[in-house]
Amino acid sequence: MPCPAHYLPPVFGDPRVTSSSAYSSSTSYQDVAPTVILDRVSKVYPSGTIALQDVDLSVKQGEFLSLVGPSGCGKSTVLGLIAGLSKPTQGDLQWTMPEFRKDLAFVFQDASLLPWSNVEENVRLPLKLAGQSKKQTQQAVAEAIALVGLTGSEKSFPRQLSGGMKMRVSIARAIVTQPKVLLMDEPFGALDEITRNRLNEDLMNLWRQKRWTVVFVTHNIYEAVYLSTRVAVMGVNPGRIVDDLVIDAPYPRTEGFRQSPEFGQYRRHLATALAEGME
Amino acid sequence: MHDKSLTEKLLSPDVLAPFAVGVLFVVGRDLLVRITGLPPYLLPGPLLVIQTLIDNWSNLFSSLTVTFQITIVAFLAAAGSGLAIAVLFTINKWIERSLFPYAVVLQTTPLVAIAPLIIIWLKENTFGALVLCAWIAAFFPILSNTTLGLNSVDRNLTNLFTLYNASPWQRLIYLRLPSALPYFLGGLRISGGLALIGAVVAEFVAGTGGSKSGIAYQILIASYNLQIPRMFAALLLVTGLGIAIFAILSLISDALLKDWHESAVNPNQ
Ligand SMILES: Nc1ncnc2c1ncn2[C@@H]1O[C@H](COP(=O)(O)OP(=O)(O)OP(=O)(O)O)[C@@H](O)[C@H]1O
Ligand SMILES: [Mg+2]
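Chains as they are written, first to last, in my numbering: chain A, 527 to 805; chain B, 10 to 278.
Hint data in this document are derived by calculation from the structure and do not stem from the laboratory. The structure displayed is predicted, hence computed values, not measured ones. Do not take every clue at face value.
Subject to a maximum C-alpha distance of 30 Å in a straight line, what follows is the list of computed DSS-like cross-link-like pairs (lysine-lysine) [what the hints assert, rightly or not]:
#, chain 1, residue 1, chain 2, residue 2
1, A, K706, A, K613
2, B, K267, A, K681
3, A, K628, A, K613
4, B, K102, A, K654
5, A, K613, B, K102
6, A, K736, A, K706
7, B, K267, A, K654
8, B, K267, B, K18
9, A, K661, A, K706
10, A, K660, A, K736
11, A, K660, A, K706
12, A, K660, A, K613
13, A, K681, A, K654
14, A, K661, A, K681
15, A, K654, A, K706
16, A, K661, B, K102
17, B, K102, A, K660
18, A, K628, A, K654
Just so you have them, the derived chain B footprint on chain A, three or more residues with Cβ under 8 Å [unchecked claim]:
#, segment
19, 652-661
20, 683-694
If you only want the chain B side, here are some residues facing chain A, beta carbon under 8 Å, derived [as the list claims (entries may be wrong)]:
#, residue
21, N160
22, D163
23, N165
24, L166
25, L169
26, T171
27, L172
28, N174
29, W178
30, Q179
31, P187
32, Y192
33, G195
34, D268
Virtual Cβ for every residue (Gly too), placed ideally from N, Cα, C.
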């Protein structure tokens, strides 16, 4: 059985000992209603691969949950199950929202834009598929493009954009429907560090502003600690959850948080859990 | 667009190399005729061929127009039917399973072997018979290419459409058809030449008894009369038409794909 979400014990000299009120409730989503509950979920692919075994996970409303784990541990499988793209072989997956599809958006690892459509048309796609006319969608599309900072590039085609810009388009497409839940599968995995950091900042600000629930898959522990309210560590063979850690630090998080001793402690703790999950 | 100057284009290896081969070929023919003492009318030089072409222009060109009409009608029919049947195939796997083998049979049976049958069956309508033959030659590449394209949709994009509850119709219009466009256009480029070949072959089979005006008829008549320069002139016209069809289809393809597909992206851009 995976352990329930836990906190790290305070470090000696931790500012929380003296000013704990600043931290205490900032990122705790333990008492918040869950949005999705996975109850002993297993997934076996027709090929016989046991991608997930007995995964218990609940995603709380409004939290920023990161999934980290080695390649092949089933992170994408978890996202696919949550999105309803595939069904669990065993166990139960429950959404607390009716009609969750309407409130859901997915950001794929490789941006997955329509190569034959320009930025504007790519962002418009979800609204178009919902049957809305060009006129109805004009404003929502322009706003989403502005939110990701791509105003002025509306007419560019994906092949004219850098990797970072493509990712921004993909995020704009995800948020144009005003979703409540955002599933992101290693969205920044292929980007250089500077671009990644910038997009991390933007994503964190948008998350705080829009109060989304985010499930964020990444390989990168730094990124996970920096962004998340909670990090679930997955292990491989079979895919399972080996650790579930609350990152108890206030927002807005800045460079100062990255340099802090707690950051290092969270990072080391997760690295150890990851290493254990490889066995 | 990045425009090179005309001289730069003409001096590029893409132009110079084939030009050099052409010159070698002409010089080689000249030497062969001089050394072996072959009568020049058996292997006419380029000047003679062009002279013959000019002398017989109206005659030969009106024949070419007839062949071109057969080609274009067959080609358009192949494009339309190939696309439509490929879409049917993706709508229902059973249609594909039951029809595809026959499409293969149609493709692998030599056209010269079935053309006589078709011409007999449609003897009231020679034009229709010739179009049908050319269509058989041109149809399959479009069908198989487009079917492949319709089935080569990126998995994540398919998932994206599922997430947004896209209807099968929306999937077809916004995802599968655009994904298949480069494949379809590739099929068109192959089939343009095949339609022309199909038309010429069918005209040959119909022979002098059938249609009296296609370019193959001119070649046949010229060969009966041993008018070899005239044969070459007609051949030159057919070849020119084939190249023109290919070039036009390439231009259309590049224009349609220029914004997004690697095949149409200018590396110097
Ligand atoms: N459609 C599929 N059919 C069969 N096996 C699959 C399929 N998708 C994934 N798998 C297998 O399931 C396991 C988990 O795959 P998954 O893609 O969820 O891993 P991941 O954690 O996302 O890996 P990565 O970090 O490399 O993206 C792997 O062993 C993979 O080979
Ligand atoms: Mg993955």
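Hint check:
1. Proximity of K706 (chain A) to K613 (chain A) is assessed by CA-CA distance (about 22 Å); at most 30 Å being required, the pair is judged to hold.
2. Taking the CA atoms of K267 (chain B) and K681 (chain A), the gap is about 14 Å. The hint holds against a cut of 30 Å.
3. The straight-line distance between the Cα atoms of K628 (chain A) and K613 (chain A) is roughly 19 Å, inside the 30 Å bound, and the hint therefore holds.
4. Pair hint K102 (chain B) plus K654 (chain A) holds up; C-alpha atoms about 28 Å apart against a cutoff of 30 Å.
5. Taking the CA atoms of K613 (chain A) and K102 (chain B), the gap is near 24 Å; set against the 30 Å cutoff, the hint holds.
6. The straight-line distance between the Cα atoms of K736 (chain A) and K706 (chain A) is roughly 8 Å, inside the 30 Å bound, and the hint therefore holds.
7. At roughly 24 Å between alpha-carbon atoms, K267 (chain B) and K654 (chain A) fall within 30 Å of each other, so this suggested pair holds.
8. Pair hint K267 (chain B) plus K18 (chain B) holds up; C-alpha atoms about 21 Å apart against a cutoff of 30 Å.
9. Of the supplied pair hints, the one linking K661 (chain A) and K706 (chain A) holds, its CA atoms being roughly 24 Å apart against a limit of 30 Å.
10. Distance check on the hinted pair: K660 (chain A) and K736 (chain A) sit about 25 Å apart at the alpha-carbon level, within 30 Å; holds.
11. Taking the CA atoms of K660 (chain A) and K706 (chain A), the gap is about 23 Å. The hint holds against a cut of 30 Å.
12. Annotation: proposed proximity of K660 (chain A) to K613 (chain A) is violated, straight-line Cα distance about 34 Å (limit 30 Å).
13. A C-alpha spacing of about 17 Å is found between K681 (chain A) and K654 (chain A), which places the hinted pair at or below 30 Å, so the restraint holds.
14. With a CA separation close to 17 Å, the supplied pair K661 (chain A) and K681 (chain A) stays within the 30 Å bound.
15. Note on K654 (chain A) and K706 (chain A): the hinted pairing holds, with a Cα-Cα distance of about 19 Å set against a maximum of 30 Å.
16. Our distance criterion of 30 Å between C-alpha atoms is broken by K661 (chain A) and K102 (chain B), whose separation comes to about 38 Å.
17. For the hint pairing K102 (chain B) with K660 (chain A), the CA-to-CA distance comes to about 34 Å; that exceeds 30 Å, so the pair is violated.
18. Between the alpha carbons of K628 (chain A) and K654 (chain A) the distance comes to roughly 14 Å, so the proposed pair stays at or under 30 Å and holds.
19. Residues of the segment 652-661 of chain A with a Cβ under 8 Å from some Cβ of chain B number 4, which satisfies the need for three, so the listed coverage holds.
20. For the segment 683-694 of chain A, the stated coverage by chain B holds: 3 residues have a C-beta nearer than 8 Å to a C-beta of that chain, and at least 3 were required.
21. With 8 Å as the threshold, the beta carbon of N160 (chain B) stays out of range of chain A, its nearest partner Cβ sitting at about 17 Å, so the hint is violated.
22. Below 8 Å, beta-carbon pairs count as interface contacts, and D163 (chain B) has one with chain A at about 7 Å; its hint therefore holds.
23. Contact between N165 (chain B) and chain A, as hinted, is supported at the beta carbon level, the nearest pair being about 4 Å apart and thus within 8 Å.
24. The interface hint given for L166 (chain B) is met, as the beta carbon of that residue sits about 6 Å from the closest beta carbon of chain A, less than 8 Å.
25. The beta carbon of L169 (chain B) is positioned within 8 Å of a beta carbon in chain A (closest approach about 6 Å), and the interface hint is therefore held.
26. Annotation: T171 (chain B) was flagged as interfacial toward chain A, and the flag holds, the nearest CB pair being 6 Å apart, inside 8 Å.
27. Annotation: L172 (chain B) was flagged as interfacial toward chain A, and the flag holds, the nearest CB pair being 5 Å apart, inside 8 Å.
28. A hinted interface residue such as N174 (chain B) counts as satisfied when its beta carbon comes closer than 8 Å to some beta carbon of chain A; here the least separation is about 6 Å, so the hint holds.
29. Using the Cβ-Cβ criterion of 8 Å, the hint placing W178 (chain B) at the interface with chain A is not satisfied: the shortest such distance is roughly 11 Å.
30. Restraint check, Q179 (chain B) versus chain A: the minimum CB separation of about 6 Å is within 8 Å; hint holds.
31. Nearest Cβ of chain A to the Cβ of P187 (chain B): about 5 Å, under the 8 Å cut. The hint holds.
32. For the restraint placing Y192 (chain B) at the interface with chain A, the shortest Cβ-Cβ distance is roughly 13 Å, beyond the 8 Å limit, so the hint is violated.
33. Given the 8 Å rule on beta carbons, the hint for G195 (chain B) is violated: about 16 Å separates it from the nearest Cβ of chain A.
34. With a least beta-carbon distance of about 5 Å to chain A, the hint placing D268 (chain B) at the interface is held under the 8 Å criterion.
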